[in-house]
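Under the working numbering, the sequence shown has 242 at position 222, and the numbering climbs by one with no breaks.
In short, the hints are calculated from the structure, not lab data. Warning: the hint list may mix true and false statements.
As the list claims (entries may be wrong) - SDA-like mimics (lysine to any residue), calculated; alpha carbons at most 25 Å apart, straight line:
hint	residue 1	residue 2
1	374	308
2	274	246
3	259	146
It should be emphasised that the depicted structure is a prediction, and the values quoted were computed from it without experimental measurement.
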Amino acid sequence: MKLLKTGLSSVNSLVPANADQFRIGNENTAWPLNYPSDGMAFGKKTFRQKKTTRFLPPRWSSAKNKITKAVIVGLSDLSRKLTQQFKHNPLLGVGFIGFFDDRWPGRLSENTQPENLLGGIAAAAEFVKTHNIQHIYIALPMSAQPRILALLDGLHDTTASVYFVPDILSFNLIQASFSSINGIPIIAVCETPFIGINDTIKRISDVLLSLLILLPITPLMLLIAAGVKLSSPGPVLFKQRRYGLNGQEIIVYKFRSMSVMEDGECVNQATRSDPRITRFGGFLRRTSLDELPQFINVLQGRMSIVGPRPHAISHNEMYRSLIKGYMIRHKVKPGITGWAQVNGFRGETDTVDKMQRRIDYDLDYLRNWSLWLDLSIIFKTIAVVVEDQNAY
């Protein structure tokens, strides 16, 4: 492929000489360009520069050895990132001219480059027509629908290509993806990572690891069951209702470590020196041996080995109204151990801030899940159980 050796050393030549002719205060205002240009230069193409993002044009105009001119309607962090893609991916052959936004310079952030602000949104269509702009990227929020429709109406008699750049990054994205249903575009803002092949991988790994763990620890579990029975009156297993996948109620098993069997409207978290904890139960809780029966929950399909730790239903109902995104953690099965637990948030969460941090780690796990992350968490859990003093 022939290398593109010519380029744009300045965008000032592409801006109308009378850019400040409009009246100040009018939505058609074009702010004076009194600053040096961004100086985009296009040189040799490298393999790294051939990488693009999902927001870039569906075709490479540089294939014709030509640089096309582009403007962006809407000034935001996302649209700034788009300009950086144009600048650092010269193979795209897109020469960025400037932004159109209804906010005057004094209302824009300090990071805004004044020389790139060409005018108000209503001035964009005329600018495109008179300056032979080939690409228009609309990066406005969904609330700006009337302005978007007016802009599209103004562009109907141009040959410019128009692209929407949806600002989905403003949402709390969990496994965001793009798809379509019979040609209708769909953007998943919040989705479980365990769909399709990932669900199969997760389930197979859960079953195999649970069997590998249960077989050697069965004698230990029998000894623990005897210890629970002999150390205090009551059943060996404590069964408590928790929220599972998609917020459905499940029954979670634990070796009983307390003298009570709380599972009502109000469940108090265990605290240090809690009188409800039996002597043998304290040992089980510190070493997490009380959680071993949950491998049976994993085989039943109610839980996973790795995932957000399940909380008592009463705690879920309390925190779901206090912490934004709390219930998103239920997009996956709860786990015996989790990303929050190996990062220091194991045991009592006696403040909303501590619970918030735990939820932050849970959501981070959903965003970045992989089988290798699961295996890493399992190995880290072993070290945490030995060293951590937060569980009691």
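Structure-based check of each hint:
| no. | hint | result |
| --- | --- | --- |
| 1 | 374 - 308 | holds (20 Å) |
| 2 | 274 - 246 | holds (14 Å) |
| 3 | 259 - 146 | violated (69 Å) |
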